[in-house]
Each structure stands twice: as structure tokens, then as C-alpha cells.
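Q: Protein sequences appear in the order of chains R and A. So for the first sequence, the working numbering puts the first residue at 1; every next one is plus one. So for the second sequence, the working numbering puts the first residue at 1; every next one is plus one.
Please keep in mind that the hints were generated in silico from the structure rather than gathered at the bench. Keep in mind it's a predicted model, so treat the numbers as computed, not measured. Careful, some of the hints might be misleading.
To be verified - A few chain R residues that face chain A, going by a derived Cβ cut-off under 7 Å, partial list only:
#1 VAL16
#2 ALA19
#3 SER48
All C-beta atoms, glycine included, are put in the ideal place defined by N, C-alpha and C.
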Amino acid sequence: MTPEEIIASGNLELYVCGALPPEEATEVEEAIALHPEIKREIELIEESLLHLAETVAPPLEAMTWTYILNSIRNVKDMGDSKVRSLNWPAITGWAAAILFMGGIMWMLKQTNDLNNSLQVTTTENTVLKEEKSTVENQLAENNKTLEILRSKDYQAYTLPGNQAVAPEAFAKVYFNKKENVAYIDVKGLPAPPRGKVYQVWSLKMEPLTPTSVGLIDSQSEAGEGIYKFINFPAPEAFGITLEPEGGSETPTLSQLYTLGMITI
Amino acid sequence: MEQPNDLIIAMQNGDEKAFSRLYTMYGEAIYGIIYSIVLDENTAEELVQDVFIKVWNNASSYSVKKGRFFTWLLNIARNTAIDETRSKAFKNTRKNLSTTNFVDILSSSDSLNRATNAIGLKKFVDALKPACIKIIDLLYFKGFTQAEASKTLEIPIGTIKTRNRTCINELRVMVLG
Chain R
1 MTPEEIIASG NLELYVCGAL PPEEATEVEE AIALHPEIKR EIELIEESLL
51 HLAETVAPPL EAMTWTYILN SIRNVKDMGD SKVRSLNWPA ITGWAAAILF
101 MGGIMWMLKQ TNDLNNSLQV TTTENTVLKE EKSTVENQLA ENNKTLEILR
151 SKDYQAYTLP GNQAVAPEAF AKVYFNKKEN VAYIDVKGLP APPRGKVYQV
201 WSLKMEPLTP TSVGLIDSQS EAGEGIYKFI NFPAPEAFGI TLEPEGGSET
251 PTLSQLYTLG MITI
Chain A
1 MEQPNDLIIA MQNGDEKAFS RLYTMYGEAI YGIIYSIVLD ENTAEELVQD
51 VFIKVWNNAS SYSVKKGRFF TWLLNIARNT AIDETRSKAF KNTRKNLSTT
101 NFVDILSSSD SLNRATNAIG LKKFVDALKP ACIKIIDLLY FKGFTQAEAS
151 KTLEIPIGTI KTRNRTCINE LRVMVLG
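Just chain R, same shape as in the assembly:
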């Protein structure tokens, strides 16, 4: 096609309007590069269309350009500062959240620890209370025993150790004749060997008649190292022998630890 034919074809007008299919647009572009008159023709078409569109437009506000300029500058600024500043609120937020979580965990642990130690303390308190009540009971018991032993109704006797068996041993007897009650303090006796037990005897001298009063064991214990025996037959002497467990019918005289006469 000659330049004149191209100009007359109507393709250039469509080209400027943007209505020409791509392959024909390429042809026009090739023609523009080759023929200055085609370029000139296109410029004239464009100019008249440009003026037509301008006449249709209402007055364009100056603010429109200001707005465009601000927008493209904001976009640029945001692009520059994005990496540096935009992340801070997020970082701060996350840091605060992590600190907060850590704080909660720490406080939970503290509470847990406190609860545990409170429990331990409570248990210790209970144990101490029990111990205290035991000690108080014991003290009351001892005081009671002491009261009894101090009263004038009780007579005190010291049973010296048998020279043959236990020269160092001794025992103390507090005896209430009226009520036939005896308290025996065995602190001066050695601890009985395994399987053996001390037995307390009431003795009549003429003729020698031993009567078992009971065993020195937990059943008769009245206080620390002090044992109580009731229905104690009025004796003339007290004896304590070491007997096999459960006690004996008659005293094993070879194991007589202490013996004391009642002197009236």
C-alpha cells in the first residue's frame, strides 16, 4: 500500500481511537516509521480528536492535579518507609503480647509455688498441732501423776537393787494403803532384754507369799517410766523380777532385780 492509500483507508483514524486490531496496528506503526506524511496525518487526527474531547470537558479543577501529585508522592514515601517504620507497631504489639504471656506464666508459677508451700505449711501445722496436743496430754498426765505422788496419801519407798543380779538398779514405789494403789517408777531399772519383761510382786514375809500384781508394760504405764497398779494387796515387801514375756506364776528369784521392805 502506498502512503496515500494507507491515509485514505481509514485505518489511521481507527488507530488513534484505539479501535484497530493489533495486527493492523503493527502495519500502521511500520508505515509511520517509513513515511513522515503518515506520522503527520496521525498527529492531525489526534489533535482534532483531542480538541473535541477537551470541548466536552467541564472546567478541570486545579485541585485535581494537587491530589494526583500528593497521591504519587505518598505512594513513593510509603514505599520508602515501609520496611523501617510500618513494622514497629506490629513488633511492639508482638513484644507486648509475648511479655504479657510470659508475665502470666510467671504469675501462674508463683501462685502454684505459693499454693504448694501453703499446703506444706498447713500439713506441718497439723503435725505440730498433733504433737502439741500429745505433749500437752503427756504433760497433763505427768502433772496428774505428780499431783498424786505428792499427796499425803502416798508413801514413797525405794527398792534397792539386788546385789547379786543388778547392784546398780533401783525402783521407787509410791503406795496408797487406803485405796491399794501403787505407782512404780522404774527409771532406775535397766531396759529389759528382748523377750523378757519385769513383773511386780507383792510379798508377805511370814510365810513368804509372792502375789503377782502385774507386768511393767504399756498397759500399766501411767506416765513416763511410771506404772500404775490398782488392787495392790497390802504388802510387807515389793519385788521386781525379770520374767519371760507374759509373766510367770511365781517369781524367778534368780532374776530378782529389786526388793524392798515396807517399814511401818
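Guided by the hints, dock chain A onto chain R, whose structure is given.
A: Same frame as chain R, but now just chain A:
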């Protein structure tokens, strides 16, 4: 008017002054195109802003070796305006825009750009044949393809091309003298 390729290249390299001068050269025409589609000054001004922000952001996608800069702008402007007319918000406020063309705007509006020119334009608007008004409106202002214009106007596709040339020639004589 020769295409200001040096300004275009400067803009593509981020030169705001060059961009400003291109806006001065093409802004009103783009406004006219958009206004003829959306027929609302505020909407049209907002869309002009959108179009030129797009132009700045996508400047590298245009090449001075391929196609006219004005045609490139025209496509962005028409697509932006047509997208707007398809939006829900727009549809709720306005209807039946397709029946309005640039001549209707010229005849009805009393706040036209370039008052002196507008007086002269009245004459050429009267002089332009109704057939020319329709075909320029579709191909230029509304961005129709030849086939679409042929279907809408119910004339053969070959006739579209030649009639468009004749009509724009008439326009040239009146606008450029």
C-alpha cells in the same frame, strides 16, 4: 501536534515536572472522555485522578515505539470510566447512559470548557451529520471496536471504517481550520 516523547521518557524515569506537563497537555481531553461516559463532574474528576495515578504507576508499560501515547491514555481512561459505570454504587445513582453522546453534553451543558471555543463548537456540532456524531461517539468516546459499532449502528463493518474517516475529516476542518 508531535508527540512529546522526551517528556514521556522523563516521566517514565520519575520526573514529576514532565508528568505535570503531560497532565497539562492531555488532562482536559481525558476529563472530557471520562465525563462523556460517567456524566457526573465529581465522579469524572475522581476518575481523572485515578487515571493519572495509574499512568504514573504504570508508565513503564508504555513504549514510545509502540502506539500513540494519547491512545494509551484513552484506553486507560475509557476502561476506568466504564469500570465505574459497572460498579454497584454507580448503577444505583444513574441509568441509561448509553443514549447520551458528546453532542448532547455540548448542547445541554452551560459550564463548558473554553467558552470561546464552545461558541464555535455549537456551529460544528450543528454541522456534523447525526451519523458522524454516532460513529465518533462510539469509536472514540466509548471505545467500541469496529464490530461492536457495526452491530450497534446496524451498518456494514467496512462502512464503519470509511465513515469514521470522513467524519473525523469533517471535524478536522472545523477544529483545525
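Q: None of the hints should be skipped; say for each whether it holds.
A: Hints and how they fare:
no. : hint  : in the structure
1   : VAL16 : holds, 6 Å
2   : ALA19 : holds, 5 Å
3   : SER48 : holds, 4 Å
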